[in-house]
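Asker: Sequences listed follow chains A and B, in order.
Residues 1 to 202 in our numbering are what the first sequence spells out, letter by letter.
Residues 203 to 404 in our numbering are what the second sequence spells out, letter by letter.
No lab work stands behind these hints, which were simulated from the structure alone.
All values reported here derive from a predicted model rather than from experimental measurement.
Please note that a few of the clues may not be correct.
Claimed, not checked - Here are a few chain B residues that face chain A, going by a calculated C-beta distance under 10 Å:
#	residue
1	H282
2	Q303
3	A309
4	N310
5	D350
6	R352
7	M371
8	H374
As the list claims (entries may be wrong) - Where chain A lies over chain B, by a calculated footprint (3+ residues, C-beta under 8 Å):
#	segment
9	316-323
10	358-365
Glycine is no exception: its CB is placed at the ideal position from the N, C-alpha and C atoms.
There are 2 protein chains.
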Amino acid sequence: MAPVKEETTEQRILEAARAVFIRKGMAGTRMQEVADEAGINKALLHYYFRDKQRLFEGVFKGGVEKQFGCIWDSLKGREHLFEAIEAFVAAYLDRMTENPQLPLFIANEVNRDPEGLRAFIDRGMESRQVFLRLVSEARERGEIIDIDPRELLVNIMALCAHPFIARPMITHIHGITDEAFRRMIIKRRKSVPEFIIRSIRA
Amino acid sequence: MAPVKEETTEQRILEAARAVFIRKGMAGTRMQEVADEAGINKALLHYYFRDKQRLFEGVFKGGVEKQFGCIWDSLKGREHLFEAIEAFVAAYLDRMTENPQLPLFIANEVNRDPEGLRAFIDRGMESRQVFLRLVSEARERGEIIDIDPRELLVNIMALCAHPFIARPMITHIHGITDEAFRRMIIKRRKSVPEFIIRSIRA
DNA sequence: GTCTATATGTAGATAGAC
DNA sequence: GTCTATCTACATATAGAC
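With the sequences and hints as input, model every part of the structure.
Answerer: The following block contains the structure:
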């Protein structure tokens, strides 16, 4: 077996592919563009990843799944619903700030191939259980109104993800710069949990 | 000039193209697939629309812009913020129920080519003014808390659009059928305005 | 492991018959 | 207006030298 050298090339390919796939989507991505961005040629790209599909999966498993997974993990070990909501929103917005194109990319690929991304989706099932339990407990303590917890979860994810998905529309319609958009996201770390909790508090 | 016969072919092309573009996006769409879906061949497709770009624009202008426009129009002539929110949400969800793939399609194309869709975005500017005025008036009457109206608009659109954008993720993670998803959307016509108004009511 | 060159398939677009 | 056949360009993928 080869000693553990710097696998810089494979690393560079994955980073490049990740960038291009996220920018252009699966169909819009050209292997040439990935090769260029990685500073190599197409042949070498195919040497590391036999074909486009496997390259895509490599990117997905390697980075995207993990990044989304750690958003879900922010729910684990929480004792109180409101605290969990704050943690989840903060984790979501922070991860997406690092990777503003990610939500749209995910949405696309999940639509394109729902089966292929099952593993990715399942990654959140455990945390979903935690969330449902916290809602149920808060309800029993009379802290929140009677609300469908699944719908609540949809609302939370909507408020986190949508600004990134509709970013060009938002910046244009409100006539704000990218910098102002960034500030808006920072504000939302506080305002979104407030918005949600005001809605559900008994 | 030719007499006004049934322009069924152009019509059929536009419907087919609309369906495929929405399913596959610009990059993922094959002219062959559009031709098949319209029951014609590629040559005839190019006869009616010189190239893919023009076909895309034809679809966009013809259907998508109009459909989104009438969501914005639901705000016009409203006298009270809460009423406006209810009308907007209802219009949004009804239009998207007819066309569940539309929000993701729009999000993609606005990201792909922000300049090209400026006209589409501008279509909502007038209604945006109406909305801002209603927020301001409600604030003066002391009916709502002090909230950034732009952020409120983002939240409303998020709660309307996101379920459709994340639909496969939602149906899978909550283990619900398409029929249950449809029922959830119907419920949201009521629950989303309630959710929003509870948040902002003084 | 990395390159150049090339094979193979396919998509967009046109020519020209009917 | 609609078709068949074809051109051209380009994208994925492989062969083979170094």
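Asker: Each hint: holds or not?
Answerer: Comparing the hints with the structure gives:
1. H282: 20 Å, violated
2. Q303: This hint holds: B:Q303 lies near chain A, its Cβ roughly 8 Å from the closest one there, short of 10 Å.
3. A309: Since chain A brings a Cβ to about 5 Å from B:A309, closer than 10 Å, the hint holds.
4. N310: Since the shortest Cβ distance to chain A is 7 Å, the answer is holds.
5. D350: Holds. Min distance 8 Å.
6. R352: With a minimum Cβ separation of about 5 Å from chain A (threshold 10 Å), the hint on B:R352 holds.
7. M371: 5 Å, holds
8. H374: Nearest chain A Cβ about 5 Å off; hint holds.
9. 316-323: holds (count 3)
10. 358-365: holds (count 6)
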